[in-house]
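J.: Chain by chain, the residues run as shown.
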Amino acid sequence: MALSTSSAITLNINGEKHALPVDHRTTLLDALRERLDLTGTKKGCDQGQCGACTVLIDGRRAVSCLQLAVAAEGREITTIEGVADGETLHPVQQAFLDLDGYQCGYCTPGQICSALAVIEEHAAGWPSAASADVRPEAGVPPLTPEEIRERMSGNLCRCGAYVSIVEAVARAAAVHEAGSAQGIGTQGIETPGLEAGAAGSVGTEGAA
Amino acid sequence: MTTTTTETTAVRGAVGTAHTRVEGLAKVTGAARYAGEIPFAELAHGWLVVSTIARGRIRSVEAEPVLAMPGVLAVLHHGNAPRVDTDYVGMLGAPDPTCAVFQHDRVPSMGWPVALVVAETSEEARAAAEALVVHYDQEPHDIDFAGGHPDAYPLDGHLPAVAEKGDLEAELTASAVVLDAEYTTPEEHHNPMEPHAATARWDGGRLEVVDSNQGATWVVGELAKLFSLDPSAVRVRSEHVGGGFGSKGLRAHQVAAVMAATVLQRPVRVVLTRRQMFSLAGYRSPTSQRVRLGADPDGRLRALEHRALSLTSTVHEFIEPSAAVARVMYDADAHHTANTVVRLDVPTPTFMRAPGEAPGSFALEAALDELAEKCGIDPIELRLRNEPEKGPVSGLPFSTRNLRACFEEGARRFGWADRDPRPGLRREGRWLLGTGTAAASFGAGAAPSTAVLTAEADGTFTVRIAAADIGTGARTALTLVAADALEVAPDRVRVRIGDSDFGPAMIAGGSMGTRSWSWAVMAAAKELRERLALGADVPPEGITVRSDTTEAIGALAQKERHSFGAQFAEVAVDVTTGEVRVRRMLGVFAAGRIVNPLTARNQFVGGMIWGISMALHEEAVRDRASGGHVGADLAGYHVATHADVPLVEADWVDDPDPDDPVGIKGIGEIGIVGAAAAVANAVWHATGVRHRHLPIRPDRVLRAGTGRGSVGERDAGHRR
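In order, the protein sequence lines correspond to chains Y and L. Numbered per our numbering, the first sequence spans residues 1 to 208. Numbered per our numbering, the second sequence spans residues 1 to 720.
Read the hints as simulated data drawn from the structure, not as lab findings. Keep in mind that this is a model prediction, so the values were computed, not measured. Worth double-checking, as some hints may not be accurate.
As the list claims (entries may be wrong) - Across the chosen pairs, the derived CB separations fall in these ranges:
id, chain 1, residue 1, chain 2, residue 2, range
1, Y, Pro145, L, Asp137, 52 to 58 angstroms
2, L, Pro540, Y, Thr144, 56 to 62 angstroms
3, L, Asp151, Y, Asp133, 56 to 62 angstroms
4, Y, Thr88, L, Pro160, 54 to 60 angstroms
5, L, Asp230, Y, Ala129, 55 to 61 angstroms
6, Y, Ala8, L, Pro140, 24 to 30 angstroms
7, L, Leu534, Y, Pro145, 53 to 59 angstroms
Note that the Cβ used here is the ideal one computed from N, Cα and C, for glycine as well.
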């Protein structure tokens, strides 16, 4: 029997199930963009170097260009189209809009998806290369601009909107923190397994 | 959605107040569709195949085996592709033959397009393109760029090649202080985040191309001429553009897509890969520059010579006019500037953000800093002592020149007065600290454009103009300009751009887009208001007027028209690793009336970040043996990332252009000018070593060490 080069799969994207046959070579990125008309996820380099295609897979950020669609079956995928709550923007989106955290907008969906994960990763106690003290007992480092820059560095912005992106992430993180303090999380993003102890075994750059 | 962050009820005064982008909601929700994202029924996917040799001829293209692969529809190459006409002069001159794909068997550079494989899916097209065997007859190539090349010749580009006044050698001899230094900048690539993409189709006898470009008028004109079509038979749309920086004009992908759509009679999309962009999207030539300055003891310039060499391909002439910036910046009794070029077996370079000014200001402004050191004069004071009253070479008056105000405001905010000018003194752990400054200028121009303005029956207004918003905020700026001109709130104005059917307009380039388009919008608004003032009832189809600024712009008096700026940088240099980190940066600009402070600040800062990136990171490296790049991707070609960019601040002084209806000068490019020099000058201040070769890589810093010496005097022009 000849080996099949395609499969019928079901992708769970933004809470909706999409059944589709895919060429085994099809990346998750191309499945989103070319098969499902979810073009909000961008292709900047197609080789995992720019971050424009960042999505959340089971709550963790990943570059969808380095993920085969067939391997994404059964995972919970969140793309930029699933970040807002209906007509209400997510605080991260609102901050990018209000603070002009972009120029051409092409890296923006990836920056926003990455920012969602950064805020969750930080809240869960993950350290970064910018953290002065990474011992577990040191606790969560404050999400300083240096921390944000380090954690967002997998997402290139050639227009150079970095300054306002960092401001936007900081503002959204403050909203998230205020929400958490009141016992209400920001909507949408589940982050299973994001605990301080997991930091050593999971990279922060998804599929890097 | 437009939200006004200052006043929401203002009827006048939108220009000058901060407004979020009108397309912002679409951009943050992923709803904004870029060129490769517009769906078409029956779409086929084209994948370019590029040469693997740097010079020679195509002996054969083995298409048959590939045509038998699943889903493959066609293989276009020089043996079967439609012929195109390249004997014309387009909006920006004669076409680069690189774009006229598959017309002959010659290969003049590595990465030259040799075939297009078209298939039903992108996976099939890619697999077939990778499987396509092309046989070549290879010839020896020459890609060796170095200063003093014997085949270099002067070339007029968008600026004249040569300008000379005075006796240079005599003035140098009479100078108390002389500086003679060579500077180099490497090959640099635009790398917009959105790769070039186009979909072409025939629609009822009309060619339609959905593209990512900096000017629909530009591309529609080129395609009409190439394919010998009436311009009215071609439509180019480009609604959202993911960055351009000079790289998004006519390129191979549009032409290949049109050819395939013509042959197959179905829509065909061609998207460049990131790697292909390094050979097909244009780039900034490397430069080798020599600056000689002669001054009196008080720093007044007697002699200024700036000679710049860049490269171009063997098929098309393009020059990076790095030496021209001195013609604006500083006067001297003898003033010689020359731009020369050498033809090598490389792809054709093109306009890249501040072409000429970016590399030229690095050399000139670093040289000024060296001269200040030699004269024992503060570098800002040195510049102010050499402020010209009129154009140093042209003798024409400046429209406005507020460089002094930029330096005064910048120095105050940056804390320049407290600076100890001596280098290599400030240490913080393993870091040496230093600060630097540089001046900036960029031409302020306008070009003829047309706009269509409609008063709708519901009381709103629609602007249609073939403008391009490549991230500049032009769409929003035009909304504000139109709102003020019509005396209505911005939310009653809808601006539609990026469609050649709206009539001819300037490209997003030369920092001239928003100014040129605003002028046309102002002219249309004036006429429309006159029509409405006559009490005309607005019929259901609205009242539409069209403007054309050709005559008004042609009537502008000849003047030196430029924006100016002062750049400041503080760096820390790790003496153990050679790493240079920018700690803060400030730019103060005199760049005309600022239409939207929110987006303008972002754009200035973005340009300054390009300067950081140019100073420290960017460098495309070619392998002499193959003639191709080493690491032609975003891992091999470094651009500044989040972690490289500190708090960068930009601000401006009042500087409306007196001859522009809105007062605009244009701000797209000046942010990068002088920025790399400010960083390099700060590295000297930190370490005591002059780095005259960009980028200032850790290995260069380590090799140079610290102390009073200069990298470049020993082995200028060679890659180390």
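J.: Which hint numbers does the structure go against, in order from smallest to largest?
T.: As far as the earlier hints go, only 6 is violated by this structure.
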